[in-house]
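*Asks:* Chains as they are written, first to last, in our numbering: chain P, 1 to 260; chain D, 261 to 643; chain G, 644 to 992.
Check before you lean on any hint, since a few could be wrong.
Unchecked claim - List of simulated lysine-lysine pairs, BS3-like, C-alpha gap at most 27 Å:
| id | chain 1 | residue 1 | chain 2 | residue 2 |
| --- | --- | --- | --- | --- |
| 1 | D | K282 | P | K49 |
| 2 | G | K650 | P | K226 |
| 3 | G | K675 | G | K708 |
| 4 | G | K991 | G | K869 |
| 5 | D | K285 | D | K307 |
| 6 | G | K869 | D | K304 |
| 7 | D | K317 | D | K400 |
| 8 | G | K825 | P | K257 |
| 9 | G | K857 | G | K869 |
| 10 | G | K921 | D | K282 |
| 11 | P | K253 | G | K857 |
| 12 | G | K869 | P | K255 |
| 13 | G | K825 | P | K147 |
| 14 | G | K708 | G | K869 |
Calculated from the structure, these hints are not laboratory results.
Just so we're clear, the structure is a prediction, and the values are computed from it rather than from any experiment.
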Amino acid sequence: MKIVVCVKQVPDTAGGVKFNPDGTLDRGAMLTIMNPDDKAGLEAALRLKDQYGAEVTVVTMGLPKAEEVLREAMAMGADKGVLVTDRVLGGADTWATSTTLAGAIRNLEYDLIITGRQAIDGDTAQVGPQISEHLDIPVISYAQDIKIEGDSVVVERQYEDRYHVVKAKMPCLITALSELNEPRYMTPGGIFDAYKQEITVWGRADLKDVDDANLGLKGSPTKIAKASDKVRKGAGEKVSLDPDESVSYIVDKLKVKHVI
Amino acid sequence: MDFTLSKEHEMARALFKEFAEKEVKPLAQEVDETEVFPRETVEKMAKLGFLGIPVPKEYGGQGCDPLTYAMCVEELSKVCGTTGVIVSAHTSLCCDPIMTYGTEEQKQKYLVPLAKGEKLGAFGLTEPGAGTDAQGQQTKAVLDGEEWVLNGSKCFITNGKEADVYVIFAITGTVEKRGRLQKEISAFIVEKGTPGFTFGTKEKKMGIRGSSTYELIFTDCRIPKENLLGQQGKGFNIAMHTLDGGRIGIASQALGLAEGALDNTIAYVKERKQFGRAIGAFQNTQFQLADMATKVEAAQLLVYKAAMAKATQKVYSVEAAKAKLYAAEVAMEVTTKAVQLHGGYGYIREYDVERMMRDAKITEIYEGTSEVQRMVISGALLK
Amino acid sequence: MNLEEYKGVYVFAQQVDNEISSIAFELLGKAKDLAKDLNTDVTAVLLGSGVKALADQLAEYGADKVIVVDDPELKDYRTEPYAHALSSVINQYKPEIMLVGATAIGRDLGPRVSARVATGLTADCTVLEIGDFPLQAVPGQEQLHNQLLMTRPAFGGNTIATIACPYNRPQMATVRAGVMQKIDPIKGAKANVEEFNPGFTPDNKYVEILDIVKSVAETVDIMDAKILVSGGRGVGSPENFKILEDLAEVLGGTVSCSRAVVDSGWKPKDLQVGQTGKTVRPNVYFAIGISGAIQHVAGMEESDIIVAINKDADAPIFDVADYGVVGDLNKIVPKLTEALKAEIAAAKA
Chain P
1 MKIVVCVKQV PDTAGGVKFN PDGTLDRGAM LTIMNPDDKA GLEAALRLKD
51 QYGAEVTVVT MGLPKAEEVL REAMAMGADK GVLVTDRVLG GADTWATSTT
101 LAGAIRNLEY DLIITGRQAI DGDTAQVGPQ ISEHLDIPVI SYAQDIKIEG
151 DSVVVERQYE DRYHVVKAKM PCLITALSEL NEPRYMTPGG IFDAYKQEIT
201 VWGRADLKDV DDANLGLKGS PTKIAKASDK VRKGAGEKVS LDPDESVSYI
251 VDKLKVKHVI
Chain D
261 MDFTLSKEHE MARALFKEFA EKEVKPLAQE VDETEVFPRE TVEKMAKLGF
311 LGIPVPKEYG GQGCDPLTYA MCVEELSKVC GTTGVIVSAH TSLCCDPIMT
361 YGTEEQKQKY LVPLAKGEKL GAFGLTEPGA GTDAQGQQTK AVLDGEEWVL
411 NGSKCFITNG KEADVYVIFA ITGTVEKRGR LQKEISAFIV EKGTPGFTFG
461 TKEKKMGIRG SSTYELIFTD CRIPKENLLG QQGKGFNIAM HTLDGGRIGI
511 ASQALGLAEG ALDNTIAYVK ERKQFGRAIG AFQNTQFQLA DMATKVEAAQ
561 LLVYKAAMAK ATQKVYSVEA AKAKLYAAEV AMEVTTKAVQ LHGGYGYIRE
611 YDVERMMRDA KITEIYEGTS EVQRMVISGA LLK
Chain G
644 MNLEEYKGVY VFAQQVDNEI SSIAFELLGK AKDLAKDLNT DVTAVLLGSG
694 VKALADQLAE YGADKVIVVD DPELKDYRTE PYAHALSSVI NQYKPEIMLV
744 GATAIGRDLG PRVSARVATG LTADCTVLEI GDFPLQAVPG QEQLHNQLLM
794 TRPAFGGNTI ATIACPYNRP QMATVRAGVM QKIDPIKGAK ANVEEFNPGF
844 TPDNKYVEIL DIVKSVAETV DIMDAKILVS GGRGVGSPEN FKILEDLAEV
894 LGGTVSCSRA VVDSGWKPKD LQVGQTGKTV RPNVYFAIGI SGAIQHVAGM
944 EESDIIVAIN KDADAPIFDV ADYGVVGDLN KIVPKLTEAL KAEIAAAKA
C-alpha cells in the first residue's frame, strides 16, 4: 500500500503567541511546528504502515524552510519526503494550494491520501476536501478512526453529535482529527538518519496537469481586503451596581459578544 | 570555530524538550515528594531509544554522538533532575564501559538490551570507606574454577535496586608499583538476581529523590568467569575512564538544572508584582538574571565542548572535569539565586525551584566532588 | 465567467435526520440583510430525502424561495451526492452568494463544492457585509462595488482578516454557528418552492455508510471547555459551588476553580486553573469569588472574554477582566442563572 500524507509547517500558536510592541503578531519570533492535525494524519499513516505494511510519502508545500517538517516526519518513520516550493506558488489561498498539491500528488502513486482536518494558522479545513475534488477521488473528512478492509477503508467520520462508520474504495482521501491518536515521538537516531536521506524538491515545472491561472496569489479566487492582528487586551470595564443591574449588565455583554 | 548546532542537533533537542515537557515535567513534583522511581517514564524513554543514544546501531543503540546524549540529559534535567541522572548513570556508567571494554559476547548479551532499554544499568565503585579514593576498595573477587566469587558492599549506587545489569569493581589481588604494594582492581558485569547479590538500605536523600539509591551487598556472589570486564587488573583505569564520561553526563544534568531554574525565574519575575511593579522591573533582579544567564551559557559551552571532545579525542579527562566542576557550581549558584528571587514561594515545594536547588547540590558531590575535579584539572596543569 | 449572470443570496439549509439545523436559520437571517443591500432575494437550498415539507419553516425564517433536491441518495449526509446536488444547483441557478454553515457537514461540503464550481471559499466567517473591493480606491485598479466582504479570525483568534472573492462567482463562505442572528419567524410565511433533481449516478465517490452511532455526552476536560465557570475561595463552601454548577449548566459550560479551592479539598485537582493547575483559553471565563493571584491569572488570561464577579473592588482579577462586576456573588450568580435561562428559552422559541 502507498500512502501520501500532506503536512504543513505552521507557527506554534499554542506554544505562546508573540506580539510586537505595537500589538501586532511577531511571526518571526514564533516557533514553527508540524500542524497538529497533520501530525495525527501522519501517525495514522505510520500505524497503517506498522499494521499492514505501507510506503509513506510526506508532501508539503511551503518555503524552503518547510523541509524541516519533512525531516521530522521521516524521523518519525515516513519513507520519503517531497517539498513543493516555488516563488510563483506563494500567497496561495486554499483553492490554489489544493490545486498545487494535487498537481504534485499526480506524480505519485497512492492508495490513500491523508491530510489533517485543518491547520492551526488558517483553520479553514478546506485543502483536504479540495485536493480530493481535483483528483476526483472520494473524501472522508474528520476521521476519528481508520481501518483497512481489503481494497477499502473503513473510517469513523465524526459529526457534532454522532459519528458515521463509512466505507470507501481506495484510492481515497481522509482528513484526520488530532483526536485520532497520540502521535509518536521521533527517535534520536531517526533524526540523524532523516537528515542523511534525499528529499525530493519540486517547483512549478514539476506539477502535473495544472494551469498557471490557478496557482499562487494570482490564481487565488479569494483576496485579502484587510488583515489586522487582534490587539492584546488589558483591563476592561469594572462596574459596581446592585445585583439586578449587575445581572442585566452581564447578560447584555454576553449578548453583544454572541455568547447567548 | 562555529558555535551553531547542526540541524540534526537542533531537532534532537526539540525532541528531548518536547518529551521532557510532556512526559517528565508533570511527574517531577510527585517523584520528588514520594521518592518513587519513575518506572513508566523509563519505559517510555526506552521505547524512544533514549537509553542508548551514543551506542552504535549494531548494538541496539541510536548511533548518535555524545553531544546528542548530553543534550538529552540536559533537557530532562531542566524539568526533573531525577530523570536526568537515571539516564546518565545508565548510559555513561554502564553502557559506556561495556561498549569500550566489553568482548563481543558481552556486548551482545548485555549492551544490546541495555541500549534498547530492555534492561537498566548501574555502576558500583563507591564503598563506605572508598569514595573518591578508589584505592580504598574493600570488595574482593576471587577466582574459583570457572567463577569469580564476590564479597563486599557498594554504597550510594544510582539506579540501585531498579537496575538489571551492574558494572562492579573489586580487588582481585595486589601488584607492586614503584616499590609499593597496591591493590589490583578489576571490573565485572553482575546481573541482578545472581545468588549472593542483595540490596541494603535505600538512602533518603536531599535531592534527586526519585532515583533509586541503594547499598549493594555481595556475599559469596558467584558470577561466570567470562563476566570479567576488560583485562584483569585494569579496573582502576576502566573506572577512571568511565567516570570521565560520567562527568559529562552529570555536567549535563547540572546544566539542565541551572537552565530550568533560570527559565522558571524569568517567567516568575515577569508576573510577580511587588510595590506595584513586576519584580523583573527592578534592577537588582535584572542584574541577577544577567549573571545567571551568562554563567549558564558559559557552563553550556564547557559541557558541549567536553561532549565533543569525547567524540573526537581518546582522552578528555580535563575537559570533562572542567565541565562538571563549573556546571555543578553554576547549578548550585543559579538554583540558589532562583529560590531567592522567588522569595517565600521559592521556599515551598509547590514551586519547582525549591526542588531544583536540592537536586543541584549532589552534582557538586557525585562522580567526583568539585575538589576532585580541581585535582584533575590542576594535575594536568602541573604535570 | 460572466459575473453579471450571478444573482441572489443562497443558503445551504442543512438538515440532519430531516430536522433543519439551527445554523440554517441563522444563515437566512444574515442572508436577508445581505439581500436587502443587494436588492435581491434569499433562496434556501434544501437537500435530503423526504424533506420537502420542511420548506415552510425556511420561509418563516426568511427564505423567499426554496430549491428542494429530494432524492433517496441524500438521506444521510455523504460528501459526493451532496456536493453533486449543491454544485448542480449552483451551476443551474447561478447565485452570487452561497452561504454554508461551518459545521462538520458544511466544512466538508463547502470546500468540495467550491473546488467543483471553481470559486473561492472563505471559512468560518464571523462577519459578512456588502462593500467595496478594494476597501479604498487604489489608482490603476478598478474598485468593485457590492462585493461580499467576509471577515474571519485566524491564527487561533489572534488575527482578523477580511476576505473578498471579487472575480469568481458565487462568493462562498462558511459561517460559524451561533454568530448570526435569526429573524423572529414569520408564522405562515410561504416561499416559492422549486424542485430540482440533477440525477444521481453512484460511482466510487459514493461512500457507503455502514453505521450511524449517536454519541452520548462525556465529561469535559476544562482545557477543552468553551465556557468555564470558575470559583475561588470566595464561593465560601463546597456546597455553594452548586450555584456555579447551575450557571454552567445553563450555558453548556463546565465548572473549574482556583488553587485555594483545591487546597481546601472542595474540588479535585483536575479542575484547577493556574500556574500549578491547567492553562485554559475558553470563549468565556467567569471568575467568581477569585481574587486573581498572578498564579491563577497565568492560567486563564488568554480566555476570549473574562467576566469577574468579586466583592473586593481592588481584587487583581479586575485587571484582566473584560467585564468586572463588584458585588456579592451569592446575590448575583443565582439571578444571573435565571436571567440567562429566560434569555436562552426566548431565543429558542
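*Asks:* Each hint should be assessed against the structure and marked as holding or not.
*Replies:* Hint check:
Between D:K282 and P:K49, the direct Cα distance comes to roughly 26 Å. Compliance with the 27 Å bound is thereby established for this hinted pair. This hinted pair checks out: G:K650 and P:K226 have alpha carbons roughly 25 Å apart, not beyond 27 Å. Among the hinted pairs, G:K675 with G:K708 is consistent with the structure: their alpha-carbon atoms are about 12 Å apart, no more than 27 Å. For the suggested pair G:K991 and G:K869, the alpha carbons sit about 20 Å apart, so the restraint of at most 27 Å is met.
Annotation: proposed proximity of D:K285 to D:K307 holds, straight-line Cα distance about 18 Å (limit 27 Å). At roughly 32 Å between alpha-carbon atoms, G:K869 and D:K304 are farther apart than 27 Å, so this suggested pair is violated. For the hint pairing D:K317 with D:K400, the CA-to-CA distance comes to about 35 Å; that exceeds 27 Å, so the pair is violated. Restraint check for G:K825 and P:K257: the C-alpha separation of about 15 Å stays at or below 27 Å, so the hint holds.
For the proposed pair G:K857 and G:K869, the alpha carbon gap of about 21 Å is at most 27 Å, so the pair holds. The hinted pair formed by G:K921 and D:K282 meets the criterion: a straight-line CA distance of about 13 Å does not exceed 27 Å. With a CA separation close to 34 Å, the supplied pair P:K253 and G:K857 exceeds the 27 Å bound. Restraint check for G:K869 and P:K255: the C-alpha separation of about 16 Å stays at or below 27 Å, so the hint holds.
A distance of roughly 41 Å separates the Cα atoms of G:K825 and P:K147; the hinted pair therefore is violated under the 27 Å criterion. For the proposed pair G:K708 and G:K869, the alpha carbon gap of about 36 Å is over 27 Å, so the pair is violated.
Figure legend: structure checked against the earlier numbered hints; hints not met, in rising order: 6, 7, 11, 13 and 14.
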